[in-house]
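Number of protein chains: 2
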Amino acid sequence: MEHAKPLLNYIRKHVTLSEEEEVFLCSKIDYRKYLKGQYILQQGDISTTQCFILSGCTKMFFVDNDGQEHIVMFSIEDWWTSDLGSFVSQTPSDFNVQCLEASEVIQFPYETIESLFEGIPKLERFFRKIIEQAFVASQKRIIQNFSLSAKERYQLFHSKYPQIEQRIPQYMLASYLGFTKEFLSKVKKELLKP
Amino acid sequence: MEHAKPLLNYIRKHVTLSEEEEVFLCSKIDYRKYLKGQYILQQGDISTTQCFILSGCTKMFFVDNDGQEHIVMFSIEDWWTSDLGSFVSQTPSDFNVQCLEASEVIQFPYETIESLFEGIPKLERFFRKIIEQAFVASQKRIIQNFSLSAKERYQLFHSKYPQIEQRIPQYMLASYLGFTKEFLSKVKKELLKP
Chain A
4 MEHAKPLLNY IRKHVTLSEE EEVFLCSKID YRKYLKGQYI LQQGDISTTQ
54 CFILSGCTKM FFVDNDGQEH IVMFSIEDWW TSDLGSFVSQ TPSDFNVQCL
104 EASEVIQFPY ETIESLFEGI PKLERFFRKI IEQAFVASQK RIIQNFSLSA
154 KERYQLFHSK YPQIEQRIPQ YMLASYLGFT KEFLSKVKKE LLKP
Chain B
4 MEHAKPLLNY IRKHVTLSEE EEVFLCSKID YRKYLKGQYI LQQGDISTTQ
54 CFILSGCTKM FFVDNDGQEH IVMFSIEDWW TSDLGSFVSQ TPSDFNVQCL
104 EASEVIQFPY ETIESLFEGI PKLERFFRKI IEQAFVASQK RIIQNFSLSA
154 KERYQLFHSK YPQIEQRIPQ YMLASYLGFT KEFLSKVKKE LLKP
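Read top to bottom, the protein sequences are chains A and B. Position one of the first sequence corresponds to residue 4 (our numbering), numbered consecutively onward. Position one of the second sequence corresponds to residue 4 (our numbering), numbered consecutively onward.
Same shape as in the complex, but just chain A (with noise of 0.2 Å):
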């Protein structure tokens, strides 16, 4: 219980749960901690948690046929991680979860969470505006890669996500805005030209 504070508080900003739903909810969950480098989720296997961040930093990823490494996310504490897709479908999942700082993570496992949504309505209506939330930022991203320019993906994540950017490695920063490292360096000269 001590462990599902942040999870409870954040919960708290989406929905009302009674005192009783609120331990209710902490007898269906997990808490767990990895170590730098673990792998929350291994492509290949199937997804049996999602799982929400109290501290540390993840990436999620898929190698393609060639070995090339691709980021689609990375995630912080008060965020969420897992391929929904694998944990809804139960099949094996295209991406990996890996952490790149030591972490701690509160686990809702596959078996729990139909009696936790019997047991908590309303916990369908939260879990509908973070998937809402989750796929609306997917969308988006879709657009940029599009529609801005190397410079201007950059300088949105920079403004947006400050945080994670002192996080993570310069390499995986550019992974994950689809460049190579050497221009990434390139675009960061750039922008501090007066």
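Check before you lean on any hint, since a few could be wrong.
Put simply, identical chains are the same to the list, so a pair is met inside one copy or across any two.
Unchecked claim - DMTMM-like, lysine to aspartate or glutamate: derived pairs with alpha carbons at most 20 Å apart:
#1 143 <-> 69
#2 163 <-> 97
#3 154 <-> 67
#4 16 <-> 117
#5 143 <-> 48
#6 132 <-> 121
#7 125 <-> 135
#8 39 <-> 168
To be clear, the hints were calculated from the coordinates, so they are not data collected in a lab.
Starting from the structure of chain A, add chain B where the hints point.
Just chain B now, with coordinates in the frame of chain A:
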């Protein structure tokens, strides 16, 4: 109510509504016809409805700063269209939704959707599942663009959506797949070779 039948059949696959709930639902939605070429939503306008398609075919696309059109989704009968981001946040849309055929739709207006959820809470679950599907499809598409060859992308579309391929011009399919029209012709010719 008569017009809403396909929607009610579709909802029944996900949740069970009582007769009173179906009547209440029908009091909160609108039926609307569009001509071929008309817009359900124009880039820059605020999306005021979520649309379920009864008949017809639509494309969702955006135009980048260079005037280039990028198609992100086709929708036909028993599927949805709207810019969810614009709808949820009531901010100007990044997308256009245009009818490629004369189309009939059921519209869920922004002003009534909250009262709909209040009256029938289990619709939260229904919409959560629809958005999950859309989000998962959007993530799969990002991966496919990175990890499949042009030929494989066409083959996947061809096997998954044969009914859409027959209804849309080739140049639009090419835009959706990220090819030129000429390149799509070449890919199709190669696949026809014994």
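Here's how the hints hold up against the structure:
1. 143 <-> 69: For residue 143 and residue 69, the Cα distance is within 20 Å only across copies (18 Å; inside one copy 27 Å).
2. 163 <-> 97: This pair counts as between: shortest inter-copy Cα distance 18 Å, intra-copy 27 Å.
3. 154 <-> 67: Intra 25 Å, inter 16 Å, cutoff 20 Å: inter-copy only.
4. 16 <-> 117: between (22 Å within a copy, 17 Å between copies)
5. 143 <-> 48: between (28 Å within a copy, 16 Å between copies)
6. 132 <-> 121: Both ways: residue 132 and residue 121 sit 18 Å apart in one copy and 15 Å across, limit 20 Å.
7. 125 <-> 135: Both: 16 Å inside a copy, 17 Å across copies.
8. 39 <-> 168: Classified as within: same-chain Cα gap 17 Å, cross-chain 46 Å, threshold 20 Å.
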